Amino acid sequence: MKKRKLKNLQFGFALAIIFMMSNVWSAQEEKNNTGFAWKDGAEIYTKICAYCHEAQVGPQILNRELPAAYIRAVVRNGNRAMPAFRDSEIDDESLAKLADFISKKEAQH
Amino acid sequence: MTRKYIALPNGVSEKNFDAAISDFRRVLGDASVLTSAEQLAPYIKTMMPVPDADHTPSAALLATTVEQIQGIVAICNQYKVPIWMISTGKNLGYGSAAPAERGQVVLDLKRMNRILEVDKDLAFALVEPGVTYQQLYDYIKEHRLGLWLSMPAPSAIAGPVGNTLDRGVGYTPYGEHFLFACGMEVVLANGEVLRTGMGSMPNSNTWQVFKWGYGPYLDGIFTQSNYGIVTKFGFWLMPEPPAFKPFVIQYQHEEDIVEIVETIRPLRISGVIPNAVVIAHALYEAPVKAKRSDYVSGPGSIPDEAVYRIMKDHKLGIWNVYAALYGTQEQIDVNWKIVTQAFGQSGNAKILTEQEAADDPAFAYRAKLMRGEMTLTEFSLYNWRGGGGSMWFAPVSQARGSETLKQMALTKQILAKYGLDYSGEFIVGMRDMHHIVDVLYDKTDPEQTKAAYQCFDELLTEFSARGYGTYRVNTAFMDKVAETYGPVQRNVHKTLKKALDPNGILAPGKSGIR
Ligand SMILES: Cc1cc2nc3c(=O)[nH]c(=O)nc-3n(C[C@H](O)[C@H](O)[C@H](O)COP(=O)(O)OP(=O)(O)OC[C@H]3O[C@@H](n4cnc5c(N)ncnc54)[C@H](O)[C@@H]3O)c2cc1C
Chain A
0 MKKRKLKNLQ FGFALAIIFM MSNVWSAQEE KNNTGFAWKD GAEIYTKICA YCHEAQVGPQ
60 ILNRELPAAY IRAVVRNGNR AMPAFRDSEI DDESLAKLAD FISKKEAQH
Chain B
0 MTRKYIALPN GVSEKNFDAA ISDFRRVLGD ASVLTSAEQL APYIKTMMPV PDADHTPSAA
60 LLATTVEQIQ GIVAICNQYK VPIWMISTGK NLGYGSAAPA ERGQVVLDLK RMNRILEVDK
120 DLAFALVEPG VTYQQLYDYI KEHRLGLWLS MPAPSAIAGP VGNTLDRGVG YTPYGEHFLF
180 ACGMEVVLAN GEVLRTGMGS MPNSNTWQVF KWGYGPYLDG IFTQSNYGIV TKFGFWLMPE
240 PPAFKPFVIQ YQHEEDIVEI VETIRPLRIS GVIPNAVVIA HALYEAPVKA KRSDYVSGPG
300 SIPDEAVYRI MKDHKLGIWN VYAALYGTQE QIDVNWKIVT QAFGQSGNAK ILTEQEAADD
360 PAFAYRAKLM RGEMTLTEFS LYNWRGGGGS MWFAPVSQAR GSETLKQMAL TKQILAKYGL
420 DYSGEFIVGM RDMHHIVDVL YDKTDPEQTK AAYQCFDELL TEFSARGYGT YRVNTAFMDK
480 VAETYGPVQR NVHKTLKKAL DPNGILAPGK SGIR
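From first to last, the protein sequence lines stand for chains A and B. Residue 0 is where the first sequence starts when you use numbering that gives the first Met the number 0, and the numbers rise one by one after that. Residue 0 is where the second sequence starts when you use numbering that gives the first Met the number 0, and the numbers rise one by one after that.
Rather than coming from a laboratory, the hints here were simulated on the basis of the structure. Bear in mind the structure is a predicted one, so any value in this text is a computation, not a measurement. Take these hints with a grain of salt, some might be off.
Claimed, not checked - Chain B regions said to be covered by chain A (calculated; three or more residues, Cβ under 8 Å): (1) 365-378; (2) 384-390.
As the list claims (entries may be wrong) - For the chain A half of the interface with chain B, some residues (derived, Cβ under 8 Å), not all of them: (3) Gly34; (4) Phe35; (5) Cys51; (6) Glu64; (7) Pro66; (8) Asn76; (9) Gly77; (10) Arg79; (11) Arg85; (12) Ser102.
Glycine is no exception: its CB is placed at the ideal position from the N, C-alpha and C atoms.
Excised from the complex, chain B in its bound form (with noise of 0.2 Å):
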């Protein structure tokens, strides 16, 4: 344990981090240079059943330009100091602020929050890291742009440039965030700064309009990765639509999730539903309306028993389909008819838009997420077993029913060997499904937080044993999900890193890659 640092990066004399430090502070000053324990501490938070001390960071450093980034690499190579980028940081459930490795310092990025540009025309924004979808949604709204967001459920305190490289889902129709990514500027681990696609052509104004550019398209390599620092990215946005309805669709039974899959899924992939739907179990929703503790008492998950009287007392279907129909009325009411004759056909559905829901506080909040609107409601999930623990199990499923009902049987199998809830969804995807679950715990009881870690590591090993791969996991996990997709998918991650990153600076460990 060092006197001076909270932390040491591996490897680094207290010596050379020193003087790598005092670099740092001549490039940024000395403000932006945060290295004491008070300073750090929001960097250490994190909801993961380990050690905060495996993810403690040496220093942070506040950057907020181009070349103060270039500046910062240049020491990083020459004292061999690994970065952690982050760009709003709160990648809550998948690591927060923290890095992945304990010692690594911190590149924050959120004081880089310029809006660059937002094209009412061309529908499309170019904005710096530190942009959060407030600062994004306000501006649209005071420029009356007419232009709507998609964003996770964290909405107001996260960013678009740090979800969409985490690859990140939201629920309007542009909710695969990667898809609508359109232009990156990048600096390198060398220095240089890229401009994917379009960007990379002097004079250019097609950056944000033409994803692909000439030759390889790289814009892929710099997401779930750690080959560059992203400083500029540009998106696409949704124009506002004339009209809009949200709907929600529940049923009762947990085995009604085939018939809600096989019914969706021509809808969405012929675009007659467009938006990323969700289908929330209740214990998804449940968090919003009913306490845990007015149920069940003492260890265990909770029963079916209870749940279904929390359906009952709380409104809830035990698979809620949260969708909406955009467009001009005339194309809603046709595709309203075509959704209704679909769900209606076996008599499972009750079917409720806004004239019956809109005063439920999980509709209404849903409703916000599928229009681009700021809420934060979905947090209400950390009150169901309080004491702050949650890690997001995020395995792709086909867009089948048999397929999602294997998965959910699975997960809540093993989520009860360990006494924990299935509070899962699936978030419909063009053709897969993201089945998102909470492993959520009480991280101040050490018993029930050994007992996420084992259940997170037996849910990989089994899903990944079966064929399924997730899309994206926290950094307690990295390495172990790297190695579910195999060892030639991994040697050509390390030959990139390899020839960007020869030293090793840049987020060493992000996606099990170093």
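The following block holds chain A by itself, in its conformation from the complex (with noise of 0.2 Å):
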């Protein structure tokens, strides 16, 4: 029993092996390589807080001094309406950004 699923998944892989190789598609989609990623906390506020929280369609956060724990918290989970963002959305790092940026009265403008 255990044999034969060892032996399914070895399938399985060498059938993901075989189209890896057999991937005779032009180069057109290898043009742009790099993924995306969030290049600091403002940028991330920006691009999704902003739209709600600076347009009377959430509440205000900047300027509060949130704790940061309480931001994460939130990010995470949602809040009512609020929708809860994913570590695939923003990655746990970009949070601990975010959060600093939001928490902090120096970074803001």
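Build the complex from these two chains, which are given one at a time in their own frames, with help from the hints.
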């Protein structure tokens, strides 16, 4: 039983390798190879948070010295109508920068 | 209840799930296999009036390559573990990032986010599932490509792949998004990689310019479905027009919807008004400007009298028709004349342009949507009731005035029975209308949550009884809607499912297909 499972798995991987090798399609899609990464907390704030929190949709969050832990918790869990944001959208490191940006007064415009 | 996992897939033992998880880790690395309650929290929150437990995932997988996805489906087949695919995962009001059924593993493709190509001359893009509209918007600006996006109201945080695969809509002339899709790459349940249309041919350079390829057209079966995992997606972009003229036409009576639709239909079909026009009810626009609690308190739906006061106080029509003209200034001048003549005839319409309405927050965000600019202002809908409850009720209507009036009246009547407001709009397609109603309720209030569920159920029942089908629905009601389209279609869907995914590993339950 266990052996068969393993075999299946190997078959799966073999299949994967075949497809990697038989990728005869042109290099068209390889022109731009880098995935997306956030630059800093300010960028995340501008390109996500500000659309609501600077537009009278959500409450103002800058200049309130909100604790970083609270910001992280709200971002990950959402809050009522505010959607939750996943690690795949804002990774932990970027979230730390975002929380820092929002909670620290001097970082703001 | 299990200790190690917050949920388990249906029919999979903890022991087998352990084995699957360790195999997933081998393919993806430990950091990309999420199983703890804390890691999975953002996948659990939905706006639907059902317990979160019904849609709690057992794990989430963050894949970034086709090869990893092939590895994942091999493991899923082996252990019969079902996965639920998301791209940007912001299907808010339709189930968000949570799976259709408890225990499904979310395959989160947000990190697979390369913009593979944007062709300025041919005006198309080829992207991976995790690309957001904001990312693409920035890319186009940075490279001065002179192309416009069409996106849904959650623009910045959503993405073209997930939106189009769920057959979503936007507000530019390219607003019916699937019409402008051109070529997909799909990982099938058996690990094979299909490129649809011209993409199947080695060395073809027409994948993103000719939709149909040769033989039966397949792209459609990968939308609103669970027949494959889309890993690349091509679509057309609109060249930035030399001039753009957004406008709003306001009407004062609910029955005027008949005149509005009869006036717009010929203009839309002939292309004089090229974009997906929105006919928004005052209660859809009010939250941008007004607070519900300033006009009404206590339970029950808002009375018409209060709605009329809101209209007066906040310069809204009961219907607000948002549309735009695109082209050279000369073209716009000619078409503007046709539009103003058509709407001017009855004397019921009040026509406003940027000159009069640029500072109006409702007009401003609608104008942004009609030119593919990022905005999340429509989220103010959620301040209306508060409490974060929302389901989109989305029946399709003919673009015929008498039909829209009937649908509006029926919706309003059923909502009122459950104490809910009519936050509705019609998005004008080529010959159809997407009647879109945000069924807003306070999810922190158990009574209202229960009422919202029953209300939505009744809306579906009553509409389908009259032959009105819904175009899309949240994950709690997919079976019910599938049922309304009859047994033959359901059977065909099932036959395809069996052929393409015999172990049922891909998103079981999507559109009622298992
Ligand atoms: C205020 C507000 C306004 C809205 N306005 C609009 C609007 O104007 N128009 C509109 O269309 N929607 C609207 N929505 C609904 C929704 O938010 C959008 O449709 C959004 O684009 C969907 O989320 P997404 O793009 O992140 O897609 P995702 O959540 O990533 O995907 C949506 C679905 O597609 C399928 N899917 C996703 N990726 C794959 C894949 N790679 N392979 C196979 N299947 C896949 C899955 O079933 C998934 O659940 C609105 C929501 C809110 C809250």
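Structure-based check of all given hints:
no. : hint    : in the structure
1   : 365-378 : holds (count 5)
2   : 384-390 : holds (count 4)
3   : Gly34   : holds, 5 Å
4   : Phe35   : holds, 5 Å
5   : Cys51   : holds, 5 Å
6   : Glu64   : violated, 24 Å
7   : Pro66   : violated, 18 Å
8   : Asn76   : holds, 5 Å
9   : Gly77   : holds, 4 Å
10  : Arg79   : holds, 4 Å
11  : Arg85   : holds, 4 Å
12  : Ser102  : violated, 20 Å
The structure fails to meet hints 6, 7, 12 from the earlier list, while all remaining hints are met.
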